[in-house]
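Heads up: the protein sequence lines correspond to chains C and F, in order. Heads up: the first sequence at position 123 corresponds to 123 in the numbering used here, and the numbers run straight through without jumps. Heads up: the second sequence at position 100 corresponds to 1100 in the numbering used here, and the numbers run straight through without jumps.
Hints were generated in silico from the structure; no laboratory data involved. Think of the CB as a built atom: it goes at the ideal place given N, C-alpha and C, for glycine as much as any other residue. Accuracy of the hints is not assured; some may be wrong.
A few chain F residues facing chain C, derived, Cβ under 10 Å [said to hold, decoys possible]: (1) Pro1043; (2) Leu1052; (3) Val1053; (4) Leu1111; (5) Ala1156; (6) Arg1257; (7) Ile1259; (8) His1283; (9) Val1287; (10) Gln1292; (11) Val1302.
Short derived list, chain F residues pointing at chain C, Cβ under 10 Å [unchecked claim]: (12) Ala1034; (13) Gly1088; (14) Ser1137; (15) Leu1182.
There are 2 protein chains.
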Amino acid sequence: MSRAEGRLDEAGLIARFFRPLAAAPGAALLSDDAATIPTGDGPDLVVTTDALVAGVHFFPDDPADAVARKALRVNLSDLAAKGARPAGYLVTLALPEDWETDWLDGFAEGLAADQEEFVVSLLGGDTVRTPGPLMISVTALGFAQEGRTPRRGGGAPGQRLYVTGTIGDAALGLRLRQDERLALKWDLRRDEREHLLDRYLIPEPRLALAGVVAAYAAASMDLSDGLVGDLEKLAEASRCGAILEADRVPLSRAAARAIRADPSSLTDALTGGDDYELLLAIHPDDVDAFEQEARAAGVPVVDVGALVEGAGVEVESNGRPLALETRSFSHF
Amino acid sequence: MSRAEGRLDEAGLIARFFRPLAAAPGAALLSDDAATIPTGDGPDLVVTTDALVAGVHFFPDDPADAVARKALRVNLSDLAAKGARPAGYLVTLALPEDWETDWLDGFAEGLAADQEEFVVSLLGGDTVRTPGPLMISVTALGFAQEGRTPRRGGGAPGQRLYVTGTIGDAALGLRLRQDERLALKWDLRRDEREHLLDRYLIPEPRLALAGVVAAYAAASMDLSDGLVGDLEKLAEASRCGAILEADRVPLSRAAARAIRADPSSLTDALTGGDDYELLLAIHPDDVDAFEQEARAAGVPVVDVGALVEGAGVEVESNGRPLALETRSFSHF
């Protein structure tokens, strides 16, 4: 077999090699943020795993505590998206030969800080040597009310689309990280620049909203590969289309300033990865109660569009279609 | 911090950096084969993870299906040791740039074959690129009767020690793999040579015994780092000593022939890794029922010694202490 034939992207690779192995209903054909397993009379178990490779998913010189927190938080974000409360996590660490005590001290401190913040505890793991780069694989376990896990495919035309927090900060933070001159071009104040860099470095898993997600979301996912591309996945799984009103997408002050100064960076904000905010489809009858309970949980949510009949995602601005150069981000 | 200070072994590294994070009782301070999580009214969840790195844990030219099966089976073996029935597994694959379709076809075929053999299904995973070697991390989930998971530390003086299957085949298989001239030195027939090589390549998780383990084992672990060293861990966790009667340790015909031809290879058999058999401590009152039910489950078990007052493991042969050059094997 030629190597050229092997050039599948991650989704193609999963579809071809791994989907046929995922026979359990709770595996959702590997097309969701997490799998669910019934436990008999108890709650459903929710399980997810995500790996980070140095030089691919984070910069080798990122602070060790931030790397640890990101590795844990991207998994906790998946639990939040499925309305689950965390039960624990496992860490597998592949360490290169030149690992340093200092680095592992920082890594453990990052985990300890987040264990306290999210009331979660380490359950196990594995430590192996590798001649390659450092790699961290985290598996997070959670519990959800039996049968109440919102799937990506639970949406239907007419439902409103909500996102948590602000969108695009991490993608703009990544661009700043790659080219620090952009801070000048985007006219950013120092605290705004740091806000974007921090949001790339350490995402905010929306576990505080998990109960509300379980109660109200018809469909739900976390945003890891960019709002537009991830909305396409949710709409496709729900067998409908979507309209995204770009002007309603919540932006931080820093992101808003960057986009004003450089309108092309709107594409980064809407299609870049690493938001780790939630995207939720809410039935119109539930929007008032949902908004009220989200407010009570202290998590900002904004209505950014709707699911519609048809297929595909239309991004609108001022009532007109907005052309985007790219749609989605891939870490693979 | 100097690199020299960083040269902890895997156990030291876990103790220093990760044990302080493992506050949940079910994490067993990271000193067991698997963690347990209560699920409320349901069974206990049992979870374990093990990673394999190409060039470290397997040979880069091992058949892809065998690599897949080993990655899954070493985790299923941990479930068996904790008396759990498997509920599913996740696979994280770090793929180097030059991955081949053929390799992944074989890998998926290996998983499919074992899914059928052990009635288990893929729940999820992650696929990432790495500039380093191929790495596979598997997390296996299982269920066990509430509160009935035998720990490494449940042993007490007077209990008998049992192992399943035969010991040392994989360690001798690894030596054959490293130096094929040993087949001649050990006077092995072709099928015996293949038996040892196969046992290194594809372990046999003793899931058929899981129910018997849950019912009878006071202490239990799977053998991954060599019988003597692993028995030291079980005895230490149980705060007692152990006597291992080397002459009673069950050997395959191939291993027995190798040891007859080259008595020094007994050390490899008793201290080499990758057996993935079970080591169980059974109360004397239970040995008859245990042996009978193990036989009914079709899993050979042999009494190889006893837990005793004191500390440490004494290996005896013909009633005299046996000196071993090494005690344990480390993949790290």
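So, going through the hints one by one against the coordinates:
1. With a cut of 10 Å, the hint placing proline 1043(F) at the interface with chain C holds, because the nearest CB-to-CB distance is about 6 Å.
2. Hint on leucine 1052(F) holds. Least Cβ distance to chain C is approximately 8 Å, under the 10 Å limit.
3. A distance limit of 10 Å between C-beta atoms decides the matter here; for valine 1053(F) the minimum to chain C is near 5 Å, and the interface restraint holds.
4. This hint holds: leucine 1111(F) has a C-beta 5 Å from the nearest C-beta of chain C, less than the 10 Å allowed.
5. With 10 Å as the threshold, the beta carbon of alanine 1156(F) stays out of range of chain C, its nearest partner Cβ sitting at about 25 Å, so the hint is violated.
6. Checking arginine 1257(F) against chain C: minimum C-beta separation of about 33 Å lies over 10 Å; hint violated.
7. Interface restraint check for isoleucine 1259(F): the shortest CB-CB distance to chain C comes to about 30 Å, outside 10 Å, so the restraint is violated.
8. Interface hint status for histidine 1283(F): violated, as the beta-carbon distance to the closest one in chain C is roughly 28 Å, over 10 Å.
9. With its C-beta approaching chain C no nearer than about 31 Å, valine 1287(F) sits outside the 10 Å limit, and its interface hint is violated.
10. A least Cβ separation of about 29 Å between glutamine 1292(F) and chain C goes past the 10 Å threshold, and the interface hint is therefore violated.
11. Given hint, valine 1302(F) at the interface with chain C, is violated; its Cβ is 29 Å from that chain's nearest Cβ, farther than 10 Å.
12. Taken as an interface hint, alanine 1034(F) checks out: its beta carbon lies about 7 Å from the nearest beta carbon of chain C, inside 10 Å.
13. The closest approach between the C-beta of glycine 1088(F) and any C-beta of chain C is roughly 6 Å, which is under the 10 Å cut-off, so the hint is satisfied.
14. Against a cut-off of 10 Å between C-beta atoms, the interface hint on serine 1137(F) holds, since the closest Cβ of chain C lies about 5 Å away.
15. The closest approach between the C-beta of leucine 1182(F) and any C-beta of chain C is roughly 26 Å, which is over the 10 Å cut-off, so the hint fails.
In this structure, the earlier hints numbered 5, 6, 7, 8, 9, 10, 11 and 15 are contradicted, and the remaining ones agree with it.
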